[in-house]
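Novice: What follows is the residue order along each chain.
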Amino acid sequence: MGFHVTNMQLSALFQTWQTNYDIYAPRNFSGGGRFSDTDCIRYGKIDCVDEIVFDKKSEYSFKEILTPISQTLFFFTEGETKEADAPKKGAVIFLRSCDLHALKRLDDMYLHNGPADYYYQRLRENIKIVLMGCAHSFGNCFCVSMGTNVSTNYNMSIDCQPDGTYLVDCKDEAWAQQLEAAETPRLEVIPSHVEENNVTVQIPEHLTAEVAKSTMWNEYDSRCINCGRCNFVCPTCTCFTMQDLFYSENGKVGERRRVWASCMVDGFTDVAGGGSYRKKNGERMRFKVLHKVLDYKQRNGYHMCVGCGRCDDICPEYISFSGCINKLDNAMAEVTEQ
Amino acid sequence: MMKNDYIPFPSKILEVIRHTEIEYTFRMEFQGEVKPGQFFEVSIPKYGEAPISVSGIGENFVDLTIRRVGKVTNEVFERYVGDTLLLRGPYGNGFDVSDYMGKDIIVMAGGTGLSPVCGVVSYFSEHPEQRGHMTLIAGFKTPHDILFRDDLNRWGKNMDVILTVDCAEEDAACHVGLVTQYIPQIKLGDVQNTVAVVVGPPAMMRFSVQGLLGIGLPEENIWISQERKMCCGLGKCGHCKIGDTYVCLDGPVFNYTKGKFLVD
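These protein sequences, in sequence, are chains G and X.
All the letters of the first sequence, read from the start, carry residue numbers 1 to 338 under the UniProt record's numbering.
All the letters of the second sequence, read from the start, carry residue numbers 1 to 264 under the UniProt record's numbering.
What the hints contain is simulated information worked out from the structure, not anything from laboratory work.
Glycine included, each C-beta is placed from N, C-alpha and C at the ideal position.
Below, computed lysine-lysine pairings styled on DSS-like, alpha-carbon distance capped at 30 Å: (1) G/327 - X/260; (2) G/171 - G/45; (3) G/82 - X/71; (4) G/280 - X/260; (5) G/327 - G/297; (6) X/46 - G/82; (7) G/327 - G/280; (8) G/213 - X/260; (9) X/12 - G/82; (10) G/104 - X/258; (11) G/89 - G/171; (12) G/279 - X/141.
Computed far set for chain X versus chain G, every beta-carbon distance over 10 Å: (13) 13; (14) 144; (15) 150; (16) 258.
Construct the complete structure from the given sequences, taking the supplied hints into account.
Specialist: Structure below.
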C-alpha cells in the first residue's frame, strides 16, 4: 500500500515503533571518520527520520545489528555460566536492496549452515525491514551485475523526495492502518532502484577452484596489507573468533564473547603447535574472492557477493574487488592452457 | 525453546594417563553418542576453547588426548587434578567403522594424529573377526614423543604394528625413519579390498596418501582427517572453511575422493 508521507506523519510512525523496537539506520557520526576532522556514515540508533543519511552509501553495513562486532555469549561466575540477555527491544532496520540481499546470506550462514545459531536467531526473529530506495548508483556499486538491485521482501519501503517528503510502500498491516488513520494521501509507490551501475562484473561461467593456481593472485602478495577492512565492511562476511575475558576487579568473574574475525588478517588459520594455512596475502585474497563468487554458490546455490562495493570504497591500497572478479576469466584461460 | 549450543557443560576428569611430558590423555565423564574422530570443544574460562579429538570411548567416558602446545592446553595441564573441564560437543562426522568392516585395513598416523584414529584401531583390535589383515604404522618425532605405548603393545598382539621415529639414539627399540618408508613392508592382499586411514601433519598425510596410491589402493579406499582452527564447531565461525567445505560440519574425516580437492 503506497503513501505520500510528511516528516510529521513519519515521526508519528517512528514513535509507535519505539515502544517495541529500536530503529537503526545509516547516520552521520560527526568527527567519527578514520582521519581527523572527517565524518563517518554507519549504522546507529536513530530517533527521527532527519537523522537518516539518504544521499550517501554507508561505509559499514547493517550486519553489526544482527552480528555485533563483539557479542557476549555468556558470563562465568566461578562454577556457573549465565547466558547473556537478549536486547529488550526488537529492531527496525533501514537498509538498501544490496543489504537486504545480504540479510539472506546471513540467514543461510547462521540459521542453515549447521544448527541454527542461538544468538543470531533470537535477534533475527524480532526485526522489521525498511527498504531505502536507491535513486541512483553510488561509486563502486555493482549490484546490477550481482542481481541484488531489486528487493520486494520488505515491511516498508522509503524514498526521500526533493521537497523533504517521503514515498513509502507499506506491506506491514498495522503500520499501514496507522498511516491510513492519519489520512495520509494514498498513491501507487514502487521503490526506486538502480538499473545500471558504472561498474559491471562478469563472473566466468566455467570458473572452478583451479583458478587458485593462476599467477593473478601474486600481485596481491605485495599490494594487500592484510588489514581486513574489506571483511569488516562487507555485509556478507560473518566469521568470528571466541574470546574469553575476565574482569580485573574480580578475576573469578568474566565472560565469553565472539568478536568479528577476518580471513585476511594474520592468525585466522593458526592451529595450536604453530601450524597455519594461507600465509601469503595473495592466497588470502584468493580465498576471500572465491568464497564470494565461487564456493559459496557451490554450497548454497547463489553467489555470496551482493555488489555493494564497500570493500572497494574502504581499501587503503585501492585494491578493487570488482576489478579482481573481472580478472578471473583470463586467469581461468591461463590455468586451463597449462 | 531454541537450543544454545555455545554454553559448555562441566565434565569431571576421571583419570589422567601420561604419555609424554607434554601429552596426556584425559578421561572425561560423558554419556551420549560419540564416534572416533569426532571432537569436543574443551574450554577453561579465561583461557578459551580448543578443539580436541576423541581418542577413546567408554560407557560413561570419552578420552581426550591433549598436547600442551597452546594457551588453553597449557592451562589444562596446570590445573587438572580432581577438577572438571568444560566441554561442548561432540562435533564433526568422525570415522564410520562400518566402512572398514570385512576389509584389510592400513592405518598411518603421525604424532598426535594417532589420537583421532585410536578408537578405530581399538575397535578392530577388539573385534579382529570383523576385519581382514591390519597394519598400523605410527610415526613420532623421537622415542620420548611416543603416545599410547600400552595400547600399541596391546594392539601388536593381533595386528602388524610398525612404530617409527624421525630420529633416535642408536639403541632405540623402534624403527627410525618416516612412516612412508614402511609402506613397502605392508603385507598387501587384494588392494580393492584394502582400506587406509591416514592422519597426521599436512606433509605426512600428503606423502603417505601418495605412497598408498603408489601401491595400488584406489582413492575411494583412503580416508584422511583434517586439523583446522575451529572456534565454534557449528559451521559458523568460518575458520575451518576450505573451498565449499566446512571441516567441522563436513569433516574432519574425508574420503580421499573428496579430500583431494581441499585447497586451503
